[in-house]
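Start from the sequences and build out the full structure, keeping to the hints where you can.
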Amino acid sequence: MSESTDPYVLSPTEGGRLLTGAPWTRLAIVGDSVAEGVTEPYAGYGLGAWYDLVVPALRTVRPELVHVNLGRRNLLTAEVRESQLQAALDFEPDLVVAFCGGNDAFRREFDPDAVEEQLTALFEPLSATGATLVTSGFFDIVGNPHFDPRYREVARERLAAISVRMQAVSERLKAVYLDMQSHPTSREASIWSGDGVHLNARGQAVLGTEVVRALADRLGDPVR
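To convert, count from 1 in the sequence shown and add 370; that's this note's numbering.
Among the clues, some could well be false.
[Said to hold, decoys possible] Pairs of lysine to aspartate or glutamate, EDC-like flavour, derived with a Cα cap of 16 Å:
#1 544 x 587
#2 544 x 494
#3 544 x 449
Just so you know, the hints here were simulated from the structure itself, not pulled from any lab data.
Here is the structure:
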């Protein structure tokens, strides 16, 4: 299988067709290493991050699209808010992708309710601008062969708990939420980098495809 034959991956051209009529011209990306696009090669796939599919797809519809990626690795949700929120607001986006929360799951003192409060504090101001907000839950790490098996189950439970809260906050704000835990590739080893934490080039292509598909769904149901 390769990027061109993968049933779960769109090309930018295919993505552009799905996004016909898209209104967005200013994209801000905030978050942690997922937002930043930390990745590694995977045979048959271009070495690109998820946004390397999303941005060209949007530009086939809106060539004037400009974007800024504020995402940085190793940040907790609170740190994303403290270091990126104002810059994102100053950019005056009409589309925001916010990928964060995973690092909160690996803290020694894990408090999912506190994470939800931080997610709310980050998402509410972004949503209040009128921008379309895209958020995401987490892939199921049970299929990740590189993640330390001693901690796999507790990490899985914590990530699932954050995903539930992420979805609740997103639905309340009428954001576009990606349920990646339920994605057909979620338990596949072929989406993970060797560090056991980040998505490889295939995982990035899958994530980018789901962003495009979710935005296309929102175009078809704008008041959802």
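query = Does residue 449 lie within 16 Å of residue 544 when you go C-alpha to C-alpha?
reply = violated (24 Å)
query = Taking 16 Å as the top limit, are the C-alpha atoms of residue 544 and residue 494 close enough?
reply = holds (11 Å)
message = What's the verdict on residue 544 and residue 587, does the C-alpha distance respect the 16 Å limit or exceed it?
response = Since the Cα atoms of residue 544 and residue 587 sit roughly 13 Å apart, the hinted pair holds (cutoff 16 Å).
When the structure is compared with the earlier hints, a violation turns up for hint 3 alone.
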